Structures are given as structure tokens and as C-alpha cells.
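As a plain string of letters, each chain reads:
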Amino acid sequence: MSEQRYIEGTDIPRVPVDPITLQVLGGEFKSVAQEMGMILYRMSYSSIIRESEDLGAGICDTMCRQICESENSPMHAGSVGGYIKGILTRLEGNIHEGDVIIHNDPHHGASHAPDVQIVIPIFYEGTHIGYSAINAHLVDIGNSGAGVSTTSRDAVSEATVLYALKLYENGKRNDQLWQMILDNTRTPSMNANDIDALIAAAEHGKKRFLEVVEKYGLPVVFSAEEEWFEYTERILREQISKAPDGVYYAEEFLDDDGIDLDTRLKVACKIIIEGDHMTVDLSDSSPQVPTAVNCPFSGSTKPAINTVIHSVFLDAEEFGNFVPQNEGLERPITFIVPEGNLFNPRYPAATSARFNATNRLADTMLQALAQAVPRNVAAGCSGNLHYIVYSGYMEDQDEFWVYGEVNEGCYGGRPGKDGMDTVDCLIANTRNMPVEESEWHYPIRVERYEMRDDVPAAPGQWRGGKGIIRNTSFLSDGYIGCEGDGHYHIPKGLFGGMDGAPARFTKNSGKHDEKAMISKPSSEFMKAGDSIQVETPCGGGYGDPLEREPELVLEDILDGFAWFEQAERDYGVVIDQTAMTVDLSATQALRAARKS
Amino acid sequence: MKRIGIDVGGTFTDFIYVDEDQTEVYKTSTTPHDPSVGIMDGIHAICEKTGTKPEEIDEIFHGTTIATNMVLERKGSEVGMITTEGFRDVLQTARHKRPYNFSIMQDLPWQTHPVCKRRNRYGVTERVVPPSGAVYKPLDEEQVRKAVHKMKRDGITAIAVCFMFSFLNPAHERRVKELILEEIPDAYISLRSDIAPRFREYESFTTTCLNSYVGPKTAAYIENLINTLKASGFVNANLHLMQSGGGVATGEAAAEQPVNLLMSGPAGGVLGACYTARLTEVNDIITLDIGGTSADIAVLPNLRPGMKHLLDTQVGGFSAMVPMIDIMTIGAGGGSLAYIDEGGFFRVGPESAGAVPGPACYDRGGKVPTVTDANILLGRLGTELLGGRMTIRPELAVQAIEETLAPALNMPMLDCAQGIIDIMNSNMVRAIEKESIRRGRDARQFALFACGGAGALHACAVARMLGMKQVMIPLNPGALCAVGLCTTDLLYDFSKTSMMLSTKVDNERLQADFEELEAKAHQRLIEDGVPESDIRLKRIIECRYEGQGYELRAELDGGNVTPESVAGMLERFHMAHKDFFGRFYGETPVEFATLRVEGVGVMPQLETNRIEVGTQDASGALTGHRGVYFKDHGEKLKLFETSVYDRAKLKAGNVVSGPAIINQMDTTIVVEPECIAGVNEYGVILIDIDCTERNG
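Chain order of the listed sequences is X and F. Residue numbers are given in my numbering: position 422 of the first sequence equals residue 422, and the series is strictly consecutive. Residue numbers are given in my numbering: position 564 of the second sequence equals residue 564, and the series is strictly consecutive.
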């Protein structure tokens with residue numbers, strides 16, 4: 001007989017779970033997390049939560065291992081447990097039934113300071129068995145500029161630090177703490193309601209998980225958890241082992257840190273595949289910098305890596321939605337990211353503007369993996385994001401208005417498919433705010449929001465995606481701040497595809513006082529009538545453009561993705577301009593001549 | 001009153017005829033190339049069967065998937081669009097969110113199959129702005145003329161006009177319509193301010209474009225059907241079409257706004273369920289409609305269908321901003337495949353064997369076991385289906401399981417079969433729980449209403465897992481949609497975005513806005529010939545707490561808008577929020593976003609016919625016995641000697657104790673052990689779960 005095994009970190013026996021119960025519990029785990037996310041984003045107040053779904057929810061065991069996760073934003077993939085680990089550095093041994101803990105400290109597991117997590121411990125028959133936890137981006141958390149702190153020099157200046165504080169202790173609410181938190185933001189009423197919604201969602205998770213435990217018993221539930229970890233691990237290992245062993249390297253860069261505008265920040269990614277195991281080594285990336293673009297390791301770097309691995313090796317297009325994002329996904333991976341690196345900064349580094357670092361990292365990983373699994377990747381993606389915060393102070397109402405806007409990018413071309421246009425890229429997956437909502441509520445006017453047409457899509461057998469252009473005017477005086485990137489970086493073409501186009505950011509475009517903006521302005525004053533225009537990057541092409549189906553080139557011209565003069569020059573396609581049809585024989589001849 | 005309901009489905013077209021003393025159902029095969037062929041065949045057949053002359057028919061109610069299929073199969077018209085300059089690619093970007101988080105290779109349906117191609121989208125200078133709809137840039141008519149001229153050259157006649165904020169001031173859109181008609185007199189034009197005068201440009205533009213996308217072909221279909229009916233002698237029958245919001249529209253109204261027909265298919269079933277439940281004492285039901293590939297679930301407290309949330313009203317990957325009954329569809333049906341996945345786990349669905357190759361036991365080449373195969377092996381399904389028109393081969397089901405699942409799971413064949421059923425049922429249980437929790441309801445307080453071909457096979461087990469006490473099965477579970485069609489009222493929905501805060505209510509503006517919407521609804525109903533006494537108008541305000549993103553509906557009393565009536569509406573809103581989210585904020589200002597008027601033209605009640613009365617003794621309907629496997633007290637599988645009954649012979653008052661099987665042409669009812677079924681005076685079967693003695 002084999003020896004009795006126990007669930008890690010507990011005295012709960014590990015028992016066999018029949019395949020049917022395993023399926024039922026797998027479904028239950030998923031439902032619990034999805035319901036938590038749904039409650040939050042449907043009742044929350046700030047657009048960054050409800051429209052962008054910039055949130056993550058899940059249940060963790062007492063070892064902080066994530067049993068399940070809501071699928072709202074990939075940015076939060078696998079980040080929930082790290083927050084709890086951070087909380088325990090202060091509250092270990094001091095967790096009680098009825099506690100509600102608030103936490104946002106990026107040097108103790110948080111993703112970045114604006115992403116505030118609520119954690120409620122779960123007790124069953126008096127024993128602590130796990131945590132219900134949910135985090136979301138609050139629109140302002142006492143940042144140095146309204147909603148952004150790109151150029152903050154340290155973690156204290158960029159936000160209010162909430163390090164493992166109990167909003168409720170043993171069921172009793174700490175009103176003074178609550179007040180202190182709200183007094184230190186520009187959006188107190190919105191934050192109050194959002195935190196309330198976070199608590200409601202976490203309470204729901206606790207209640208639902210306890211129902212599951214009640215029904216199946218602790219040993220079966222936690223044994224099923226272990227089996228699901230092992231399942232995810234097994235299925236990922238199988239996919240990794242199909243890729244050829246080797247060392248794959250790519251490097252890209254970030255524009256700058258927002259203050260020192262002359263130094264590009266290197267993003268270097270070495271991936272080593274050995275059998276069913278993978279090492280991700282970021283050692284050669286830039287050291288940490290004295291602004292807020294550093295990327296916390298557990299809260300942001302790891303989720304970015306998890307997202308790419310999940311997307312490339314277990315693509316939902318092929319695997320459906322059924323491989324759960326859980327602890328098992330990290331087991332075949334070794335992370336090498338030394339302290340002091342841009343992707344693992346030491347205290348007191350500021351980190352709140354880390355998003356572009358994570359997305360550039362994701363794009364760089366894709367380019368490295370292109371050498372190993374060329375059929376699973378896209379050519380260079382926008383790999384950035386322009387998060388623009390519009391703000392002002394309404395004298396008549398004695399209140400700030402703060403509106404954070406995620407400006408999407410696009411994907412590079414893909415094997416068998418063109419790049420996705422005007423869509424959130426890689427680690428980002430938010431929902432935009434309708435113009436008919438933002439203009440109604442804020443003193444702004446959107447003059448233009450459409451696909452860029454100053455450049456054609458990057459040619460390739462599969463063309464690159466296109467970014468957006470958005471132009472917004474202020475109707476009263478205010479400020480903009482922005483976390484952006486990709487003004488210097490150009491998305492790369494892959495396997496013969498051509499490069500994409502970089503981003504641009506312009507104040508008062510087309511006016512006499514037009515001004516090119518850097519990608520990370522902190523607080524730019526905007527007087528009434530001033531406008532700000534963002535153009536986001538266009539992705540690279542995949543494969544040789546001479547291989548593109550000639551009919552598709554014609555379609556591209558009709559729809560404005562390609563320009564007429566490109567047909568022969570870039571694609572080797574001859575088009576009869578009067579009939580607007582492809583001249584097939586002339587095309588074949590031209591392409592043959594080009595290739596020889 | 002003599003009426004006929006016609007529901008065109010993917011495989012079959014169902015008919016029901018109802019008058020004062022007769023109800024008759026009929027089924028034909030759907031004729032996909034031209035559904036009216038199957039319709040005319042069936043309608044003549046059912047008239048013949050009931051001895052009715054065509055000219056005697058008063059009403060024809062029709063549910064059609066023609067518009068839905070056009071969207072799903074991407075076979076609508078080539079659409080041209082005129083929109084505000086600077087917003088040409090709203091359709092391309094959608095809400096800039098990908099369907100999957102973790103996928104490089106996914107498709108964005110709104111980009112791979114745009115409802116209007118980019119080459120046909122024209123931006124023109126114009127703009128109106130909030131909050132009043134003031135003109136910020138006047139309409140450039142020259143640009144419009146040029147765009148229309150180009151469309152004419154390209155042969156485009158289906159056109160959508162979508163301007164920003166046009167719900168505040170439709171003047172520019174209306175002028176564009178005049179300009180189009182000057183150049184293209186036969187154009188099919190959809191104005192955003194008519195079709196979806198609500199804020200959120202992506203959803204509203206898409207809805208308007210979808211209307212033009214399905215418009216010309218749907219209008220032609222309806223016109224052709226009306227003409228064919230008239231030519232075939234149905235000269236006195238009014239044709240009404242089912243809409244996704246749960247009411248019917250006249251043929252003329254449906255042809256103008258065919259976008260309202262999208263996803264109307266399952267709505268008939270829900271209405272049929274409500275109608276059936278009214279024939280019993282049960283007030284709260286959850287419907288479970290299981291077909292071959294999917295299952296539809298709807299939660300109906302007080303027998304009132306809910307409406308879908310804005311984020312969920314999608315068709316084929318496009319957002320359609322039209323009222324839709326809140327029905328959830330999951331990929332679980334009789335054809336769902338059971339298999340071992342790449343990680344070694346046992347799965348059932350969502351992939352389905354479909355009609356071809358079908359379940360293994362159908363002997364059409366299927367090698368992978370399905371839910372149907374499991375039901376056959378456990379004896380729950382008989383070996384003759386569709387009243388003997390189809391014979392099946394259980395040995396092929398055995399073979400499928402023994403070759404795939406049994407060795408991998410190291411379980412006996414029958415336990416594998418039961419495992420398939422358990423996983424299938426648990427998928428449905430979770431979906432029902434999620435649906436009821438989402439709406440703040442406790443499933444245990446509801447009866448489970450089973451319909452579709454396979455609903456009654458699983459209902460007892462599903463109800464038991466959920467802790468529900470009762471299962472209800474209508475007289476004709478397969479023809480329920482057709483029944484539902486005959487029970488609906490005329491329903492038109494008019495809405496308008498008009499934002500206002502509860503702290504600054506302008507009663508006069510509200511009054512004026514509602515009167516304008518009511519006048520539209522009233523006029524529409526009068527045009528349809530509804531007498532004044534049968535017209536009902538309902539006011540709804542879609543509100544949210546200030547700062548929130550999504551609205552909930554709250555009813556406002558009719559008559560003059562007063563502080564009291566607004567307070568009553570706000571109270572209903574707070575309660576709706578509490579229902580949905582478990583809490584409400586009495587002190588927070590409430591924002592009114594969209595005003596809505598539902599205009600109802602009340603139709604005469606459907607006559608209901610009683611069945612023959614008998615005693616408790618159901619032996620008159622007994623046709624034999626067979627061995628069926630059930631779990632003994634929820635534990636091990638055990639073979640039970642099980643009575644088999646013919647539903648057609650059951651009489652009112654009959655009682656059937658489980659385990660039992662009740663067969664009828666379009667379904668098989670499983671009465672599990674410790675369950676007791678009773679038949680009521682209208683033929684509805686009610687099964688009490690976990691019960692050894694029948695109450696009453």
C-alpha cells in the first residue's frame with residue numbers, strides 16, 4: 001500500500017477523485033471565479049473596471065496557490081496569489097474570520113499600486129482553508145498626477161500605499177481607515193463604491209466556495225484542486241515537448257523612462273526549451289530605473305509571461321477555453337529575473353506605469369518563440385498601450401473629474417491569418433468607453449476615432465494589423481497624463497514580412513502650435529480648445545508578400561489596407577486599374593521575375 | 001377564433017392548430033432553400049386534418065430563423081453606410097476587446113466578416129453634440145450626394161445611416177434619407193435614429209447595419225409568404241411574426257425592422273412554457289430545452305421572462321441592440337460527444353456529433369459515444385424513436401464506449417454510460433445555477449420545465465441535483481414554440497436615450513419624451529388595426545447609479561409624470577439592483593439613461609382544451625415493461641424493472657410512480673425512482689421529486 005499523502009501545507013488527506021466528480025468540480029471552480037468577476041464589473045462605478053474589466057478574481061488555498069481565476073483581463077493572470085503572499089509578510093498568524101483586507105503594495109506582491117485587492121479569508125468549521133480575493137484598477141489612488149504617476153521617483157510618491165490593512169477586523173468595520181483611504185484620492189465617491197463592489201464580489205466567492213466544500217467535503221475538493229494543477233501542468237508539458245529543444249533569443253526596447261529621454265531601455269528575453277521544460281531568462285534586460293516604468297516581478301512580470309505561454313502553447317482557438325489558468329501553468333517554467341532588473345525592481349522603485357514594459361516583454365517573447373514554434377505566433381505586435389488620463393477640476397462642483405482611457409493597438413500578421421486590427425494587444429484585453437458615454441460625462445469632444453490611414457498595413461503573405469487614430473479636444477481647462485510607448489520601437493516583420501509603423505502622440509495636431517509629445521508626459525496642461533491626438537503602432541507582416549493571394553491584395557486596396565502603388569512594388573500583383581481586377585498572368589510573370 | 005402557429009426550425013417545421021374545441025399538431029421537414037414551401041405543405045395538411053377551410057383561418061403566427069440564419073451564414077445584402085466623418089471604423093474596432101484572453105490565432109468576427117465592408121463606409125461632415133443635440137458641424141450635403149452616387153454605381157441598395165448622437169437630433173439622418181431616395185428610389189434604408197436611437201455607438205451602429213443587412217431579403221420573404229397565403233385561399237388570415245423580445249409584429253412592421261426577428265427562435269418556447277405553466281398552480285419555472293446540440297435555459301419568476309443584458313444581446317458575434325428574452329444557450333445536447341481530452345480528463349461536449357455522423361447507435365458512421373448512446377445503453381431511451389420511424393442499434397453504442405472510454409477510465413461500460421449522463425447533467429446544473437444566481441434567484445424555489453426532444457429524459461435527475469421539488473412537462477414538448485407563438489400579444493418597443501439625474505428631474509421633459517414615444521407606439525398599433533380598448537402602453541426607464549456603466553429597467557406609472565411617480569420608479573430601480581447584486585444605494589443619485597415605451601396590442605386568449613378524465617389508475621396507458629438502469633439512492637447503478645406508458649393514452653388524474661418511462665412521438669419522459677408523476681386536466685405532467693406518496 002502506498003503511504004497516505006496530504007494536501008500541501010495541510011493535514012487534509014489526499015484522496016482519489018473519480019473522473020466524473022473531477023469534471024463537476026472543475027466546472028464549479030471556474031464558475032465561482034467567473035461569478036465574482038461578473039458581480040464586480042456589472043456593479044462597479046469606474047469605467048476602468050466596468051468597461052475595461054481591468055480586474056482579476058479567484059480563490060486560493062492557504063498556500064496561496066490559485067485554485068481558479070476569472071477570465072477578465074490577462075494582465076491579472078495568476079497574480080491573485082502573489083498579493084496574498086505579500087499580505088502574509090505582515091499578517092501571518094493574524095488572519096481571522098470576519099477580516100476584510102485591502103492591499104496594493106507592489107513591493108509585496110501587488111501588480112501595481114492602482115490595482116487594489118480585497119482579500120477575505122475563508123474558514124470552514126473553524127479552520128482556515130483559503131482566501132477569496134479580487135483586485136481591480138481604481139481610477140485614482142492618490143497618484144502624483146491625476147490617475148497616473150509615470151515620472152514618480154519612488155513608491156511612496158506614486159500612490160497611497162496600502163500594505164495589508166484590515167478594512168474590517170473580526171467583522172467590525174474600521175471607519176477611520178476607510179476615511180483615510182478615501183481622503184487621499186481625487187475620486188473618493190467612485191472609489192468608495194468600487195471598494196464596496198470588490199467586497200461584495202469577494203463575499204460571493206467565499207459563500208460559493210463554502211457551498212462547494214459543504215457538498216463535497218474538504219478532502220475531495222482539495223484533492224481535485226491538486227488534480228487540476230497536475231492536469232494543467234501535464235497538458236502544458238506535452239505542448240512544450242513538441243517544440244524543438246534550443247535556446248531562443250530576442251531583444252527589443254522601450255522608448256525611455258519618461259525623464260531621461262535619450263536612453264532606450266533594453267528588453268531581452270532568452271527562452272530555453274529542454275524537453276517538457278522551459279526557462280525564461282530576462283537577465284540582460286535594462287536595470288531598474290528611477291521612474292514608475294519598472295515592472296513588479298510577481299504581480300506583473302509573471303502574469304505577462306504566463307499570458308504569452310498560455311496563448312502560444314494552449315491557444316484558446318485550438319484548445320477552447322477549458323485549460324484553467326492555475327498554479328499548474330507555472331510548474332514547467334523556470335523564471336530567471338535577478339533583483340534590480342527592470343522586471344524585478346528593488347524597493348523603493350516606483351512601478352505604477354509598468355504596463356508598457358509588460359506588453360513589450362510579451363511581444364519580445366513572441367519574437368523569441370517564433371524561432372521555436374513559427375506556426376503559433378504573430379509577427380511584431382503593437383506591444384504597447386497608450387493609457388491616457390484626462391482630468392480637470394470642476395470649480396462649480398468642487399470635484400475632480402478623472403477619465404482613464406486605454407488606447408488599443410493591433411497584432412502582427414499570423415500564419416494563415418492577417419493581423420487583428422484596432423484591438424487590445426497581448427496582455428491588454430479591455431473594453432473601450434463609447435464616445436457617446438465619455439462626451440456625455442466629461443468636458444471633452446472626440447473629433448476622430450478610427451483606423452489609421454496615414455500608412456498602409458505592413459505587407460506580408462499575411463498583412464500586419466492596423467492601429468488607431470484618436471483625437472480629443474478639451475472643452476474646459478485640464479490636464480492629460482499618459483503611459484505610452486512605441487514612438488521609437490517599430491513592430492517587426494517576420495519570415496519576410498515587412499515592418500509595421502511606430503506610434504505618435506501630438507498636441508494640437510494641424511494647428512499653428514502643433515507639438516510632438518513624448519510617450520510618457522506626466523501632467524500636461526490643456527487649455528480649453530486644445531486637442532491631443534494619439535496614433536497607435538501598426539503590426540508587422542508575416543511571410544513574403546509575394547506569396548499573398550493576389551485577390552486579397554485587391555480587396556486590401558478596395559478597403560484601404562493597401563495603397564494602389566504598393567500592388568506591384570510590394571506584392572508583385574498587377575491590377576487592371578479601370579476594371580479593378582487582378583491581371584493573373586501578368587502577376588505570375590512579375591512574381592517569377594522578382595523571385596529569380 | 002381559429003389560429004395556426006408555425007415554427008420553422010433547422011430540421012423540422014412545427015404546426016399547431018387551435019380553436020374553441022380542437023388542438024392539433026403537425027410536423028414537416030424544413031425546406032431550407034425556401035421555407036415557405038414546407039410551410040404551405042404543412043398548413044394545407046393541418047387544415048385538412050382538422051377539416052378547416054383556408055378562408056376560415058383568422059390568425060397565422062410565424063416564428064422564423066430566416067434573418068438569424070442570414071447573419072450566422074454571412075449571407076445578407078451588401079450594405080452601404082453613411083456615417084459621421086472621423087468615425088468610419090466604429091464597426092471595425094467594436095469595443096476593442098478580443099473574445100479570448102489567451103489566443104494568438106483567434107478571429108474577430110466583426111473584422112473577418114464585417115456587416116458592412118470598409119469600402120462601403122462613407123464618412124461625411126456633420127456632427128451633433130450632447131446634451132441638447134445642438135449642431136456642432138452642419139451636414140455637408142455635397143459629400144452625401146457623392147457617396148450615394150458611388151453606392152449607386154456599385155449597385156448597393158441596402159443602406160444604413162449612422163450619425164453620432166443622432167438620437168438627440170435626427171435631422172441630419174432624415175435629410176440623408178431624402179438625398180438617398182432622390183438617387184436610389186428603391187433603396188432599403190435604415191436610420192439609426194429609427195432602428196436603435198440609444199447611446200453606445202458601436203452597438204447602435206451595428207444594429208442599424210444589421211437591419212439593412214437582413215432587410216431586403218427578409219422583406220421579400222415576408223411579402224412572398226403573404227402573397228402565397230392569399231393566393232392559397234387564406235384570405236382572412238392576418239400574418240404575425242415572432243420577435244426576439246417576446247411579442248409579435250405584423251408582416252409589414254417586421255419587414256421594416258427585421259433586426260427584431262434575430263434570435264426570435266427560442267422566444268416562442270419560453271412563451272409556450274409560460275402559457276403551459278398557467279394551466280397549473282406553479283408560478284415560478286426554469287425552462288430546460290434540450291435538443292441535439294444545445295440546451296436553452298430561461299429563469300421565469302412569476303412566469304415573466306427577463307430581458308437580456310445589453311452586453312449579452314449578440315448574434316453571430318455581432319452586438320444587436322434589440323430587446324431579447326433572456327435565454328442562455330449551452331453546448332450540451334443529446335449529440336454531445338464524450339471523450340478523453342489531451343490532458344487525460346473525461347469530457348462531455350461542447351462538441352456535438354450533429355445530425356451526421358450522429359450518435360454511434362444511429363448507425364450513420366458515428367464512432368464517438370454521445371449522450372444519446374448512454375441513454376440507450378441505460379435503457380432510458382427505447383430502441384425505436386419518432387414513433388417507430390427510426391430504429392437504432394445499441395450494440396454500436398456499446399462498441400463506441402468499450403473502444404474509447406472504458407479502457408481509458410478503467411470503468412465498466414455501464415458506469416461509463418452513467419458517467420456521461422452525470423457530466424452532462426452537471427453542466428446543465430451549473431448553467432441553471434449561474435442563470436438563477438445572476439438574477440438573484442434560488443433555483444430550489446422553482447419547478448423545472450422540461451421541453452425539447454431530450455429535456456424530459458434528464459429533467460428528474462437535474463432537478464434532484466439542484467434540490468428542486470417539481471418537474472413539469474407540457475403536452476407537446478416538441479411543438480412548444482408553435483404553441484408559444486399563438487399565445488403572444490402584439491408588441492412594439494420604442495426607446496430614446498435622454499439622460500437626466502434623479503437630483504435634477506425635469507418632469508416636463510420626461511412627460512414630453514414619453515408622450516412622443518407613446519404616440520409612436522399608439523400609431524403603430526392603430527395601423528395594425530388594434531382597437532383602442534386593447535392597447536396597453538407601458539413606460540420604462542433604464543437607469544443606473546450615477547457613474548455606473550450598465551442600466552437596469554424600472555417601470556414608471558402612466559399619466560402625468562409627478563414627483564410621486566418618479567419616486568415609485570426609483571424605488572423599483574433600487575429593488576431591481578438589490579435583486580441583481582444583493583445591495584442597493586438609496587443615497588446615491590440615479591441616472592436615467594434611456595426611456596422606453598412598450599406598446600402592447602392584446603390578442604384574444606388562446607382556447608385551452610381539456611383531456612379525457614380518468615382515475616389515479618394509469619394502467620390503461622401501460623404498454624409494457626423493460627429493464628432500466630438508475631442509481632440506487634444516488635449510489636450504485638441498479639437494474640430496475642420499469643413500466644412503460646403511452647402518453648397519448650394517459651388521462652387526467654392518472655398517477656405514474658417511478659421508475660417509469662412515458663413515451664410520446666417527440667420525446668421520452670423518464671420518471672426516476674422515488675418520483676411520482678401526475679397528469680392534470682389539460683394533459684400537463686407534473687413530477688414530484690423525492691416523493692413516495694402523491695400529495696392530494
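Bear in mind the hints are in silico, worked out from the structure with no lab data behind them. Any given hint might turn out to be false.
As the list claims (entries may be wrong) - Once the Cα atoms are required to be at most 16 Å apart in a straight line, the calculated EDC-like pairs of lysine to aspartate or glutamate come out as:
no.: 1; chain 1: X; residue 1: Lys417; chain 2: F; residue 2: Asp107
no.: 2; chain 1: X; residue 1: Lys417; chain 2: X; residue 2: Glu211
no.: 3; chain 1: F; residue 1: Lys578; chain 2: X; residue 2: Asp196
no.: 4; chain 1: F; residue 1: Lys496; chain 2: X; residue 2: Glu437
no.: 5; chain 1: X; residue 1: Lys242; chain 2: F; residue 2: Glu433
no.: 6; chain 1: F; residue 1: Lys230; chain 2: F; residue 2: Glu252
no.: 7; chain 1: F; residue 1: Lys434; chain 2: X; residue 2: Glu211
no.: 8; chain 1: F; residue 1: Lys150; chain 2: X; residue 2: Glu437
no.: 9; chain 1: X; residue 1: Lys417; chain 2: X; residue 2: Asp544
no.: 10; chain 1: X; residue 1: Lys207; chain 2: F; residue 2: Glu252
Since the structure is predicted, the reported quantities are computational estimates derived from the model, not experimental observations.
Hints the structure fails to honour = Hint check: 2, 5, 8 and 10 fail, others pass.
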